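S.K.: These are the residues of each chain, in order.
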Amino acid sequence: MKRTIFAAMAGALMLSASTVVANAGTVAVSWKTFQEERWKTDEAAIKAVVEAAGHSYVSTDAQGSAQKQAADIEGLIAQKPDVIMIVAFDSDAILPSIQKISDAGIKSIAYDVQFEDPNALYITFDNVGVGRLMAKTMLEKGKTEGNFAFIKGDKGDPNATFLFEGITEVLKENMDAGKIKNVCETFTDGWKPDNAQKNMEQCLTANNNKIDAVVSENDGMAGGVVAALEAQGLAGAVPVTGQDGDKAALNRVALGTQLVSVWKDSRVLGKMAAEAAVALIGGTAMDALPGSAKFSGGKKKVEMNSILIPPNPITKDNLGDVIDGGWISKDEACAGVAAGSVPACG
Amino acid sequence: MTDASSTSVNPAMVQESAVARFIRSTELDTRVLGMVAAIIAVWCIFDIWGYLRLPAGTDSLGGLFGGAFLTPRNLWTLTVQTSSIAIMATGMVLVIVTRQIDLSVGAMLTLVANVAAVLQVQHLAPALGVGHWSIWIIAVIVALVLGAAVGAFNGYLIAFLGIPSFIVTLGGLIAYARGISFYISEGVTIAPLDKSFKVLGGGVPASWLGPFWSWSLALAACALIILGIVMGRRQRMRFKFPLRPVWAEVFLAGLGSAIVLGATLIVNSYAWPPRLIEQYAVANKIPIPPGIEDKDGAAICMAADKIVRCAEGYVLYTGYAIPVLLALVVGLVMSFISTRTLFGRYVYAIGGNPEAAELAGINTKMMTVKVFTLMGILVAISAIVSSSRLDAATVSLGDLNELYVIAAAVIGGTSLAGGLGTIYGAMLGALMMQSITSGMLLLNLPSPWQAIVVGGVLVTAVYLDQIYRRRAK
Chain A
1 MKRTIFAAMA GALMLSASTV VANAGTVAVS WKTFQEERWK TDEAAIKAVV EAAGHSYVST
61 DAQGSAQKQA ADIEGLIAQK PDVIMIVAFD SDAILPSIQK ISDAGIKSIA YDVQFEDPNA
121 LYITFDNVGV GRLMAKTMLE KGKTEGNFAF IKGDKGDPNA TFLFEGITEV LKENMDAGKI
181 KNVCETFTDG WKPDNAQKNM EQCLTANNNK IDAVVSENDG MAGGVVAALE AQGLAGAVPV
241 TGQDGDKAAL NRVALGTQLV SVWKDSRVLG KMAAEAAVAL IGGTAMDALP GSAKFSGGKK
301 KVEMNSILIP PNPITKDNLG DVIDGGWISK DEACAGVAAG SVPACG
Chain B
1 MTDASSTSVN PAMVQESAVA RFIRSTELDT RVLGMVAAII AVWCIFDIWG YLRLPAGTDS
61 LGGLFGGAFL TPRNLWTLTV QTSSIAIMAT GMVLVIVTRQ IDLSVGAMLT LVANVAAVLQ
121 VQHLAPALGV GHWSIWIIAV IVALVLGAAV GAFNGYLIAF LGIPSFIVTL GGLIAYARGI
181 SFYISEGVTI APLDKSFKVL GGGVPASWLG PFWSWSLALA ACALIILGIV MGRRQRMRFK
241 FPLRPVWAEV FLAGLGSAIV LGATLIVNSY AWPPRLIEQY AVANKIPIPP GIEDKDGAAI
301 CMAADKIVRC AEGYVLYTGY AIPVLLALVV GLVMSFISTR TLFGRYVYAI GGNPEAAELA
361 GINTKMMTVK VFTLMGILVA ISAIVSSSRL DAATVSLGDL NELYVIAAAV IGGTSLAGGL
421 GTIYGAMLGA LMMQSITSGM LLLNLPSPWQ AIVVGGVLVT AVYLDQIYRR RAK
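Protein sequences, first through last, are from chains A and B.
Our numbering applies: residue 1 is where the first sequence begins, and numbers increase by one.
Our numbering applies: residue 1 is where the second sequence begins, and numbers increase by one.
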């Protein structure tokens, strides 16, 4: 019985494969490393879309080496795929390889990490947007006025400054009107939670606890901030922002001690990139892809076609998104949450 | 001790000044006096600076000079913030005195904290039930054993395999945190920790001793100081050592007691944050006088979106925090070990001249293992303190701690050439560094300045120390 079903399924599969074989293409991906767990998540999302469209998927792992990645790409070009997606290990060293891809008439996609080649499509999360989203959520669901503390990331990391630009852009109006007062603004060495805790403790002392909201640039630091607030009995009363969708942070969102964790779901990124690749195989032009726009915000200001995906701000109200998406289990997200206080926790 | 022997043969004693005579009679360590003076000066500067920066017409921030630094609250927080580094610095002194170095303390702290956190959150809590009384005890024991084991392993590689400590612990620095800890925690922040475990970090009401026990402890400490001075005098009489004049003994007893009582007075005048008093009062059904809901009331009670009830008239004081007590106890025990035990003597003997120590029959290899094991245990205590304080373990928890610990020891007068260094000096060094960082944060100065000043202080402190040592000769 089992065998007949198996045979029937195999037959059906072969049949479906043969029907799409006419326009079947190949999507190749050059990953920078599989040492970090997240890329496996991205790969699964890409593979699912590519194979569902009847195309085939090949990939290489550069194992954290720019030299190996260059060799990988040469190998991929030899297999004549239609599209090569690249997670560049080194965004400058990769450029000659990208040139070779273009010369071979193959389309290239810069996945998550930018390299500046005008022929490539750049797909990533809107990183400046993360800062804007934090501030926007703060205004919509947290505080619109009062004493604000800004816990920024490491001063050596340009992202800390990008984020802050996005944050101040949104808060500017209220700041200029004198509604929001910037009472503490500090970089946090190494984005370390324990440093953020010390920064927040000193901020609370200096302002005699008169802090109405805290804009922390990521979830780890938000953890330190909440610990400092807790020691003053203020956790839950002062809204705190964050990003990354850390499990501990999502639990804090459920508990009400953190307002928002801006979440960049790598599966969404993978899905969007794979759909773009499929569309490119189908003959759609890069600038005609849905969501495509010109981007020239890189180091060398090279103009590229790009798709910037808006991240998802996770608050109490949409905590279900991360649970339903399988990013965190309900037990982990809702640990210690009082029944009925958060919709997603029941 | 060396000071006493060198001054007693000084033929110019008759012409010495009153100050010199005072210092000789009381046998106070002038180096420590210098450090304490420097720390107090830094505190005063920050407090005055804080006041001067206030816009004209605003009230003082409550500090001695009107700033926010010399307030009970800030001094209390400062000591809690210092405790983790101070605990490790006491061990680093012995490591450096034996002419070794331990670069792996920060990474080891991360490792121990992550193992203890994963154990309590992912294994003990599901098995025993969340909040079970034994969870924190098991976690603490495992942390201490793991710390000792990793320290002993470092020591073994250094002593018996002959790999330089710089290399062994550099390897540890790379492997323990980013490697093993990442593997154990999968790079995820482990939080929240066990409720009882959190008491060890000083962030919750249960981790404060309260005024009654703080005063009791202070009185016991004063009694011990006086007892110690009396016993010390008897010992000297028995062995016919030169005695301190009676007035000097009385002065020392008075000074010691005054420091203890003063510190206790300060921690006992830090009131619980109003919101915590409210929560406590509500939980224990203590009636609270109705609060004033105008702007004045807000000045005391407002800390959140709305003024619910102001706990005016009902005040609780914190007293000593557990991590600070832990650091003080560690400091006392380590001082005792380093100055009053055979082990301590051997440590300084090895540091002074390793070859001579070995020829004198000291098992220097075992001593190295022991010193590193002790370091590992102290790192475990710090790991417990810092993870429970943050209420989380992360893979970056101990990053750069090795440098702060070494800097504390060196600012405190530990010589990198070995053989010299005191426990209390290193603890004061840690307090000095944290004072500067905290003070600059209070003033909301740009953080690049903090890095520049802390780096500058390190180099200046060592330079001043060199001058002092040269003049002392």
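Calculated from the structure, these hints are not laboratory results.
On a predicted model such as this, the values are computed, not experimentally measured, just so you know.
Treat the hints loosely; a few may be bogus.
Capping the alpha-carbon separation at 20 Å, the derived lysine to any residue pairs in SDA-like fashion look like this [claimed, not checked]:
#1 A:181 with B:452
#2 A:316 with A:210
#3 B:195 with A:316
#4 A:80 with A:40
#5 A:107 with A:93
#6 A:210 with B:126
#7 A:330 with B:206
#8 A:210 with B:59
#9 A:210 with B:55
#10 A:155 with B:242
#11 A:181 with B:443
#12 A:330 with B:57
#13 A:155 with B:59
#14 B:195 with A:105
#15 A:210 with B:270
#16 A:210 with B:62
#17 A:155 with B:142
#18 B:195 with A:24
#19 A:330 with A:343
#20 A:155 with B:400
#21 A:107 with A:24
#22 A:210 with B:403
#23 B:370 with B:62
#24 A:100 with A:90
#25 A:155 with B:156
#26 A:210 with B:57
#27 B:370 with B:55
Take a look, some chain A residues computed to stay more than 10 Å from chain B by CB distance [said to hold, decoys possible]:
#28 61
#29 173
#30 175
#31 186
#32 187
#33 192
#34 282
C-beta atoms are modelled at their ideal positions from N, C-alpha and C, and glycine is treated no differently.
S.K.: Hint by hint, say whether it matches the structure.
M.R.: Evaluated hints:
no.	hint	verdict
1	A:181 with B:452	violated (28 Å)
2	A:316 with A:210	violated (25 Å)
3	B:195 with A:316	violated (24 Å)
4	A:80 with A:40	violated (24 Å)
5	A:107 with A:93	holds (19 Å)
6	A:210 with B:126	violated (39 Å)
7	A:330 with B:206	violated (30 Å)
8	A:210 with B:59	holds (15 Å)
9	A:210 with B:55	holds (17 Å)
10	A:155 with B:242	violated (57 Å)
11	A:181 with B:443	holds (16 Å)
12	A:330 with B:57	violated (53 Å)
13	A:155 with B:59	violated (33 Å)
14	B:195 with A:105	violated (61 Å)
15	A:210 with B:270	holds (17 Å)
16	A:210 with B:62	holds (15 Å)
17	A:155 with B:142	violated (36 Å)
18	B:195 with A:24	violated (58 Å)
19	A:330 with A:343	holds (12 Å)
20	A:155 with B:400	holds (16 Å)
21	A:107 with A:24	holds (16 Å)
22	A:210 with B:403	violated (34 Å)
23	B:370 with B:62	violated (47 Å)
24	A:100 with A:90	holds (16 Å)
25	A:155 with B:156	violated (39 Å)
26	A:210 with B:57	holds (19 Å)
27	B:370 with B:55	violated (56 Å)
28	61	holds (19 Å)
29	173	holds (21 Å)
30	175	holds (16 Å)
31	186	violated (6 Å)
32	187	violated (4 Å)
33	192	violated (5 Å)
34	282	holds (38 Å)
Going through the hint list in order, the structure does not satisfy hints 1, 2, 3, 4, 6, 7, 10, 12, 13, 14, 17, 18, 22, 23, 25, 27, 31, 32 and 33.
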